[in-house]
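Since the structure of chain A is provided, determine the placement of chain B on it from the hints.
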Amino acid sequence: MSTVSSPVRGAAARSTALPAPAPRRRGPGRGWKVTPWLFLLVPLGLLVLFTYVPVANMVWYSFTSWDGMAPVKEPVGLDNYQRIFTDPDMFSVFLVSLYYLAGAFLQLVLALYFATVLSFRTRVRNLFKGILFFPYLINGVAIGLVFLFFLRPGGTLDAVLALVGVAEPPQWLGDPDLANISLASTSVWRYMGLNFVLFLGAIQSIPAELFEAADLDGATSWQKFRFIIAPGIKQVIGLMTILAISGSLAVFEIPWIMTGGANGTTTFVIQTVQQAFEFKKFGLASAMAVVLLLIVLLITWVQRRILPDEKVDLT
Amino acid sequence: MSATTLPGRTGPVERTVLRARHGLRAMHPLLGPVATTAKYASLVVACAAAIIPLVTVFMAAFKSKEEFATSDPLAPPQSWTNLDNFATAFVDGGMVQGFLNTSIILVVALVGTIIIGTMTAYAVDRFDFRGRRLVMGAFLLATLVPAVTTQVATFQVVNGLGLFNTRWAAIVLFTGTDIISIYIFLQFMRGISRSLDEAAMLDGANRLTIYARIIFPLLRPAIATVVIVKGIAIYNEYYIPFLYMPSRDLGVVSTSLFRFMGPFGAQWEVISAGAVLVIVPTLVAFLLLQRQIYSGLTSGATK
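Protein chains in written order, with the numbering used here: chain A, 1 to 315; chain B, 1 to 303.
So here's chain A without its partners, still in its complex pose (with noise of 0.2 Å):
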């Protein structure tokens, strides 16, 4: 695959001080050793820095009840993960998670529905693109502040809602019982575009040729979803329900920025944060972490045993 035909003649060569075996004409030799190592330098020393040396320690301050500050981290063994599984107030936040989860496999149904009859032919079909698709590039606390000026009592719901007759609307974000389910629905409303474009692009990569067949032999529009499209983007459907899977568990955004994790809003990682920076329990906050990268692991692998991708090869 990489059989480089010349042998170097450039600093790098010159650069290694042991005398070398003679190069052999193809294949690397030795004087090759240290140029891609000074190429990558920088680039692996940011990754160690700021992405392994953080998970290590991540996984070390999980076993300490370390406050952030002190000189000492005190070892508390697995008390932490204990916690985490026993609170109620601490595992009340995974069944938040379930709100977005359910608007995650929303949010997936309508993406593949437009994008299907997208798919199809269609009149301004660029604009209804570009109009369900923009939502997603919009900065996340504006995306907040919007829908909380959209939800607040009197606000743009509750006026459009008098238009079809309904007087005493609830409070959206106000009820605890609601709360959830607006954030998640705010969630949808933001994310829907990416999955959207996603599934058009691939389902615009089948080959045409099936559509014709399918035309010849009066296929309806159903069977043409349900045998030539749904298959054809099987992989990033597998794909798009494995990263709202891990989505849904890591939101922090938008309910963070629209109630503050109030009435019952908060999610995995608000506690996080909130158990860290203002409790100041980096011990606990870590553990939580912990936890989340391994579901999340957990997750990426189930992906790649149940939806091996063909596509995937980086060496």
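Among the hints, erroneous ones may be present.
Said to hold, decoys possible - What the simulated footprint calls covered on chain B by chain A, stretch by stretch (three residues with Cβ under 8 Å from a Cβ of chain A suffice, anywhere in the stretch; the number is not a length): (1) 42-53; (2) 114-121.
As the list claims (entries may be wrong) - A short list of chain B residues far from chain A (calculated; beta carbon distances all over 12 Å): (3) T81; (4) T88; (5) S103; (6) V108; (7) V135; (8) T166; (9) P221.
Stated by the list, open to error - To give a feel for the contact side, a few chain A residues facing chain B, derived at Cβ under 8 Å: (10) L47; (11) F50; (12) P54; (13) V55; (14) I138; (15) V197; (16) I257; (17) F282; (18) A285; (19) L293; (20) V296; (21) L298.
If you're looking for bench data, these hints aren't it; they were derived computationally from the structure.
Backbone N, C-alpha and C fix where the C-beta goes; we use that ideal spot for every residue, glycine too.
This is chain B only, laid out in the frame that chain A set:
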């Protein structure tokens, strides 16, 4: 209606042309008007749902305080030239500082990401060395670690480096933890013929020259993709500046806008103006770069 093709009306050539241009296929000719109507109705409803929350905020941004208090959220403002709220948002709300900080971070982090990403891709794709697979594996594994989980510990690293509450915190984190860009460069570099490298080497060019003079310029399309995708991500990022740059002077677009909720708590017309100020640049970028954004996201999201 429009979604149906009358058989025989268009010749095969025309049909192929149509398909090639739009990637469209005719719905089945027997699809009735009911289904067509339902299709357009669903599209219109979805677009209304996408637009109405934005349009009402846009209208509110032009209303005066009294007007806002008395008018219906769905009513347009009396005057589309009332820019007072924007002025308040810009000056009192600190959005000037926000746009300035975001611009600085955006430029430096993008330059850093491009240099680091292209160097990594060059080293991994063009050299065969011991540990190459290990390096690839290290980058691949890192894509699985969601940044949101590790911030608790990353915070200590950033703090230890003395970068807390400086713009460098955001810059190094945007630069040093972006693995998607590396993959975009890597994929693109595979398509650049090695014979170019070899020809340059025969002419006596060293590896750095080949990287800088030959590979880097040829990567221009991939660089454009990374600039667009990552530029949008940095502009929208809230979590990192929120954690690492709490100082008021260091507010970026997101955190400055977030701070609107305190002092302007009840002044929805000012908050709306702030949100509009943040959304408009995104809208302009989208209208200008639609095609690149769509394809960039596809290459970034599916890795």
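Outcome of the hint check:
1. 42-53: Result for this restraint: holds, n = 9.
2. 114-121: holds (count 4)
3. T81: Holds, because the least Cβ-Cβ distance between T81 of chain B and chain A comes to about 22 Å, which exceeds 12 Å.
4. T88: Non-interface label on T88 of chain B holds, nearest chain A Cβ at 15 Å vs cutoff 12 Å.
5. S103: Per Cβ check, S103 of chain B is outside 12 Å of chain A; nearest 15 Å; holds.
6. V108: Nearest chain A Cβ is 14 Å from V108 of chain B, so the label holds.
7. V135: Incorrect as stated: the minimum Cβ-Cβ distance to chain A is 6 Å, not above 12 Å.
8. T166: 15 Å, holds
9. P221: Label holds. Min Cβ-Cβ 18 Å, cutoff 12 Å.
10. L47: With a closest approach of 6 Å, the L47 of chain A hint holds.
11. F50: 4 Å, holds
12. P54: OK, holds: P54 of chain A within 8 Å of chain B, min 4 Å.
13. V55: Since the shortest Cβ distance to chain B is 6 Å, the answer is holds.
14. I138: OK, holds: I138 of chain A within 8 Å of chain B, min 6 Å.
15. V197: 6 Å, holds
16. I257: 7 Å, holds
17. F282: Interface hint status for F282 of chain A: holds (6 Å vs cutoff 8 Å).
18. A285: Interface hint status for A285 of chain A: holds (5 Å vs cutoff 8 Å).
19. L293: 5 Å, holds
20. V296: This interface hint holds because 6 Å falls under the 8 Å limit.
21. L298: This interface hint is violated because 11 Å lies over the 8 Å limit.
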